[in-house]
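Novice: Sequences listed follow chains D and R, in order. Going from the first sequence to our numbering is simple: count from 1 and add 5. Going from the second sequence to our numbering is simple: count from 1 and add 5.
Because the hints were derived from the structure by calculation, they are not lab data. Hints are all accurate, no fakes.
No distinction is drawn between identical chains; accordingly, a pair holds when it is met within one copy or between any pair of copies.
The calculated BS3-like cross-link candidates involving lysine-lysine, where the alpha carbons are at most 30 Å apart (straight line), are:
hint, residue 1, residue 2
1, 104, 212
2, 87, 258
3, 87, 206
4, 32, 375
5, 255, 31
6, 335, 313
7, 313, 140
8, 104, 87
9, 322, 67
10, 386, 322
11, 104, 42
12, 104, 89
13, 153, 87
14, 140, 129
15, 260, 335
16, 335, 140
17, 260, 31
18, 306, 32
19, 471, 230
20, 307, 255
21, 104, 153
22, 335, 67
23, 230, 31
24, 67, 292
2 protein chains.
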Amino acid sequence: MADKKLVESITSMEEDFAQWYTDVVKKADLMDYTSVKGCMVFKPAGYAIWELIQRQLDDRFKETGVENVYLPMFIPESLLEKEKDHVEGFAPEVAWVTKGGLNELEEPYCVRPTSETLFCDFYKNDIQSYRDLPKVYNQWCSVVRWEKETRPFLRSREFLWQEGHTAHATYEDAEARTEQMLNVYADFCEEVLAMPVVKGKKTDKEKFAGAEATYTIEALMHDGKALQSGTSHNFGDGFAKAFGIQYTDKDNKLKHVFQTSWGVTTRLIGAIIMVHGDNEGLVLPPKVAPTQVMVVPIMQKKEGVLDKAYEIRDAVKAAGLRVKVDDSDKSPGWKFSEAEMRGIPVRVEIGPKDIEKGQAVLVRRDTREKIEVAIDDIPAKVSELMETIHKDMYDRALKHREENTHAASNWDEFKNIIENKQGFIKAMWCGDRACEEAIKEETGASTRCMPFEQEEISDVCVHCGKKAFKMVYFGRAY
Amino acid sequence: MADKKLVESITSMEEDFAQWYTDVVKKADLMDYTSVKGCMVFKPAGYAIWELIQRQLDDRFKETGVENVYLPMFIPESLLEKEKDHVEGFAPEVAWVTKGGLNELEEPYCVRPTSETLFCDFYKNDIQSYRDLPKVYNQWCSVVRWEKETRPFLRSREFLWQEGHTAHATYEDAEARTEQMLNVYADFCEEVLAMPVVKGKKTDKEKFAGAEATYTIEALMHDGKALQSGTSHNFGDGFAKAFGIQYTDKDNKLKHVFQTSWGVTTRLIGAIIMVHGDNEGLVLPPKVAPTQVMVVPIMQKKEGVLDKAYEIRDAVKAAGLRVKVDDSDKSPGWKFSEAEMRGIPVRVEIGPKDIEKGQAVLVRRDTREKIEVAIDDIPAKVSELMETIHKDMYDRALKHREENTHAASNWDEFKNIIENKQGFIKAMWCGDRACEEAIKEETGASTRCMPFEQEEISDVCVHCGKKAFKMVYFGRAY
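Between the sequences and the hints, there should be enough to build the whole structure, so can you do that?
Specialist: Now the structure itself:
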């Protein structure tokens with residue numbers, strides 16, 4: 006009875022994907038709502054995923070020479086206004102502090118929605134000579150955007166992220182760093198989150214406020230919608246000119262620096278849920294699973310069962326894995342469901358009969374496959390399974406994306422796909438913003454990116470029939 | 006000439022301690038000021054110390070069962086007001102958000118100065134049964150207090166910290182956790198920061214707004230002033246009653262929970278500077294030194310010198326230490342000064358003559374002692390030095406505190422110490438708040454704590470002569 010309830014309480018994703026998502030984030034205990042409208046609590050199971058993302062991504066950053074810093078959370082209004090496009094992009098959605106202590110502030114401060122302006126203000130003094138370049142700084146922090154519609158992890162008024170901000174001597178150096186960081190993100194998604202992504206460039210319409218070029222990684226969710234999962238921006242010298250960030254070059258001349266910024270957010274947790282999850286709940290990629298192995302004792306009151314469970318835990322821990330024993334007073338069936346709901350990659354079932362036979366049963370979360378294994382072999386086998394599960398999860402996600410990526414060579418095909426299928430549509434585009442807007446207007450599909458890997462589907466724009474400029478991935482997006 | 010300048014630019018601590026402090030934080034490149042009044046930038050050298058503190062302290066937390074979470078940075082006014090003492094303590098110094106996007110908010114939100122109220126609001130729903138207890142949650146975040154006077158790391162409008170918030174079934178459980186976390190802090194200060202602390206209880210006057218009891222660790226700075234370095238609070242069931250946090254106990258009765266909170270901040274970086282620093286700059290305890298060993302090549306253009314420097318770096322790195330080579334085009338003298346200014350525990354000097362003899366010179370930052378060592382022995386020797394330096398730094402700091410802790414058995418002695426000496430004064434106190442306030446009024450010395458390790462200096466209050474209640478540490482404080 007109790008066992009069933011836990012599982013029954015999730016809506017199936019085929020029935021209502023949005024409700025399935027909400028059920029998973031709640032039942033897997035990832036988050037909670039709060040009295041602060043549009044903001045959420047990251048509960049231990051949710052925050053621990055972020056910690057694992059943070060640590061592994063930070064290590065990759067540092068390998069490329071990134072140094073971490075921390076800048077204030079407030080931005081004076083006059084600073085935000087210095088770069089025209091940037092302020093237009095962000096001013097409508099920021100929170101304003103107008104009172105400090107008992108006094109009105111002379112100038113309102115916004116709570117950072119992003120920190121380009123603060124980094125510029127800082128770099129203006131910190132950079133004097135070519136010897137000071139490049140600056141490759143990053144910060145882990147929270148930012149605030151006063152969104153009207155919010156969804157856990159995908160869009161909330163406050164979210165956690167990292168924002169890298171760099172300054173370089175030349176445009177080419179800035180461009181190289183922009184692309185380098187996009188590749189770091191793509192590799193991280195594939196190698197850590199088991200999530201394939203499409204790398205590409207945003208159209209002018211979709212680029213970041215103030216950027217010359219925005220690069221993006223786009224992932225396909227279970228329901229066929231796209232999720233922008235990370236972006237990297239090349240600012241050229243636009244911000245440097247607005248803020249007066251200059252350095253004395255080797256030739257003794259004053260020159261403006263070239264800048265980039267790049268970020269990923271806690272939205273990645275939403276991506277993990279929607280790429281890998283199923284109707285039993287969350288399915289976590291092993292590298293970001295806070296608990297990788299759950300040992301579930303069966304008939305745990307029988308002498309020796311719990312001891313054996315702890316023994317297995319210790320052996321698995323010694324093999325370098327994150328492992329727990331569920332020794333609570335719940336029934337084994339309940340524990341199985343709970344471990345599945347929380348997405349724990351492997352569970353180990355061990356009862357008196359298993360102990361007699363010197364074996365245990367391993368159950369994979371992703372396939373629910375059961376594997377009998379000698380107790381002594383458990384550490385080696387679960388270590389191996391972590392690799393296998395990662396690879397299989399990646400392959401399934403890639404297959405799903407490939408099966409849901411459709412080429413449209415003319416407008417009838419495009420409309421037909423939109424009406425009858427889901428996923429990415431790849432099609433040629435003329436490069437005209439009016440055409441891009443018309444496509445969105447007529448179909449709801451936006452330009453996700455111009456992929457680095459171009460194909461020539463036809464030589465004319467799918468919508469207007471004029472000469473094609475680029476192949477674009479279109480899709481409905483979160 | 007250039008070499009000298011770097012060193013000359015620090016004021017000596019005997020001449021002007023406050024200016025020495027400011028010089029060190031700037032010249033060691035730990036922080037910078039910003040356009041946001043009262044807020045600071047944590048530069049890479051400063052932030053990296055915080056990262057090392059964070060990781061090592063977080064590991065110690067997790068060993069005691071702490072789980073990390075993240076709650077919103079905003080607190081609605083009505084929530085902040087729920088606990089009377091708490092709002093009185095914090096309302097005068099918070100920043101208020103009154104506008105979100107383009108609209109005035111219906112209710113102002115303050116930016117969290119601390120998160121007791123939010124945790125209570127969360128626990129109210131999250132805790133239902135005795136099975137849900139204890140909750141032992143912590144978050145790493147920034148908080149805002151609208152201070153009038155600010156000083157880098159010691160007091161700024163925004164600072165970084167961790168705040169633990171726990172809920173328990175009984176008062177005794179809460180009290181045990183309060184004391185446990187104080188001990189975690191004290192051990193961390195001694196074992197990681199090489200900083201001895203006095204553990205004790207705050208008087209009612211000095212306790213946290215809303216707490217039944219506040220415990221503190223107090224450290225003594227070079228200039229004889231005290232720095233409160235961490236606190237742990239037992240709230241009893243005061244917040245639980247104000248917020249209605251109840252659980253159904255095993256006996257099926259509804260009961261209020263008992264709560265604690267505890268925190269340390271980036272102020273610890275200020276403590277490191279003022280406990281260990283000297284007139285050459287920062288002296289970093291090895292366990293929080295972002296670079297533990299700096300290899301400085303001498304005559305680096307001579308063939309083989311840089312190669313040998315990199316070889317040494319790789320060997321030291323393989324021994325598990327954080328090590329760099331300063332291969333910039335500055336002079337060796339400049340590099341020595343810079344490594345000293347930045348507090349790097351050991352530098353390795355290696356030049357053509359050293360290479361010929363198969364040796365190098367190690368220089369300890371804390372004592373400036375020079376040690377000749379065979380090149381092959383460097384990794385083992387620097388590893389050993391990390392331990393020795395830590396221990397010696399701790400011993401020196403303890404000796405300084407002991408030499409600057411004075412017992413006063415009557416008011417004349419107390420006044421005499423205040424006028425002619427510096428440091429802690431230990432003296433008996435009657436327990437009367439009026440007396441405590443009079444002492445502060447007359448001498449500027451506040452009650453730092455009632456140490457756990459009590460001594461009986463006399464049996465009457467040092468100020469009023471009434472029956473003594475406790476021995477108290479008094480001191481001028483940051």
